[in-house]
Amino acid sequence: MTLTHEEFRQQAQEVLAANAISRSEPPVEWTEESLVAECRRFHGVLADAGLGGITYPVEYGGQGLDKSYLEVFNQELSRYQAPLVPAAISHGMCLPVMNDFGTLEQRARYQARIIRCDDLWCQMFSEPGAGSDVASLATRAVRDGDEWVMNGQKVWTSGAQYCEYGLCVARTDPTQPKHRGLSMFIVDLSLPGVDIRPLRQINGSSHFNEIYLTDVRVDHDCLVGGEGNGWNVAVAMLMYERVAIGAGGTGAMAGRTTSARLIREAQQRGRDTDPVARDALANLYIRERIQGFIGMRIREAAEAGRAPGPEGSIAKLNAAVLSRQASDVAIELAGPSGQAWDAEDDDGSQWADGVISSPGMGIAGGTNEVQRNIIGERVLGLPKEPDPYKGQPWEAIPRS
10 MTLTHEEFRQ QAQEVLAANA ISRSEPPVEW TEESLVAECR RFHGVLADAG LGGITYPVEY
70 GGQGLDKSYL EVFNQELSRY QAPLVPAAIS HGMCLPVMND FGTLEQRARY QARIIRCDDL
130 WCQMFSEPGA GSDVASLATR AVRDGDEWVM NGQKVWTSGA QYCEYGLCVA RTDPTQPKHR
190 GLSMFIVDLS LPGVDIRPLR QINGSSHFNE IYLTDVRVDH DCLVGGEGNG WNVAVAMLMY
250 ERVAIGAGGT GAMAGRTTSA RLIREAQQRG RDTDPVARDA LANLYIRERI QGFIGMRIRE
310 AAEAGRAPGP EGSIAKLNAA VLSRQASDVA IELAGPSGQA WDAEDDDGSQ WADGVISSPG
370 MGIAGGTNEV QRNIIGERVL GLPKEPDPYK GQPWEAIPRS
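Here my numbering = 1-based position in the sequence shown + 9.
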């Protein structure tokens, strides 16, 4: 029997209270290793309690409930510091794409394990010569009997260092125009020929990776969405990514830079009567509210059965601007302590880290410029940029 919303809310409250830390508590400082382990444990608990994969079919590890239940759960979850980041791509991008495009066999094999975080997944899109223009990618997959042989390089792959699988888009027919002739593959990251190399960021972390694929053999049944349909699958995944980024958190410092947290910080530092600080905090609060309304619009579209569209780009762009604005307000409030702190102060680096990390929000999931182009073309009806090579075979297009 399906629970009522209130019964479901009560269940969520009990499970979260026992397995997550309230946002009223100081921010949790996880290492990457401990965060990944806690993420796996937390999602396993949710799945066992009937709170995992809420809107996904029961036969594939979900709960088979409508999106109104997910809304209830997210309302309760927002009150907690939950270890969600390592599964953000798995759950926010790979899982819905698998649900939309995967074969019945793929869904049966992978979806329940993704929901429980038994397996973590990443997306393998960007390349050194194909960042914002993903469709120009050069990684090749060549058919060899019942297998495909993959060669190429991916870059900026978030979380690959702890993931078991990746969804990788590769070129299977170079005689087609660049948006055609692409296919999406499931890649087991433990296969011979997969070389994952962490990239050191300006903040000292290594959240991103470059991945080299050298004669990597994947079975033909690892195709997702069918041969030659990779661009459609990739576009869907990018839309899910933008929605996930736009609808979640406030960017590089998430729980640290919400307006509520910074208002408390201003009060503790005696800046709550400063008209400049008050104006900045009010503007931040307003933009957060706008982001919330954008998220509501996206969820309403999803509940109506519409796939993510240009509103995902609006949400993602606003989230990037919000992240930068929040880090600017935070570092201004921190003052000198945001640039120099005692060695014994474990939290001393948080403000500087937010400043140097927040610009990444304007790149992940498509740059701000790309989002503005999408909004201009698909919302405002502006003409597209001219493309002298439109319709030409990928192999005939000059590349540096």
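These are calculated hints, taken from the structure and not from any lab test. Treat the hints with care, since some could be wrong.
Simulated restraints on C-beta separations [to be verified]:
hint	residue 1	residue 2	range
1	Asn241	Asp396	12 to 22 Å
2	Val285	Pro407	44 to 54 Å
3	Glu15	Arg122	24 to 34 Å
4	Gln210	Asp283	26 to 36 Å
5	Ser31	Pro407	23 to 33 Å
6	Glu156	Arg298	49 to 59 Å
7	Lys399	Asp228	16 to 26 Å
Even glycine gets a Cβ: it sits at the ideal position worked out from N, Cα and C.
Does the hinted range 16 to 26 Å hold for Lys399 and Asp228 at CB? 34 Å Cβ-Cβ, so the 16 to 26 Å window is violated.
Looking only at beta-carbon atoms, does the pair Glu156, Arg298 fall within the given range of 49 to 59 Å? 52 Å, holds
24 to 34 Å as the expected CB spacing between Arg122 and Glu15, which holds or is violated: 31 Å, holds
Is 44 to 54 Å a correct range for the gap between the Cβ atoms of Val285 and Pro407? Check passed, 51 Å falls within 44 to 54 Å.
Range hint 26 to 36 Å (beta carbons of Gln210 and Asp283) holds or violated: 33 Å, holds
Range first: 12 to 22 Å. Now tell me if the beta carbons of Asn241 and Asp396 are that far apart. 19 Å, holds
Do the Cβ positions of Ser31 and Pro407 conform to the proposed distance bound of 23 to 33 Å? 56 Å, violated
Taken one by one, the earlier hints fail for this structure at numbers 5 and 7, listed in ascending order.
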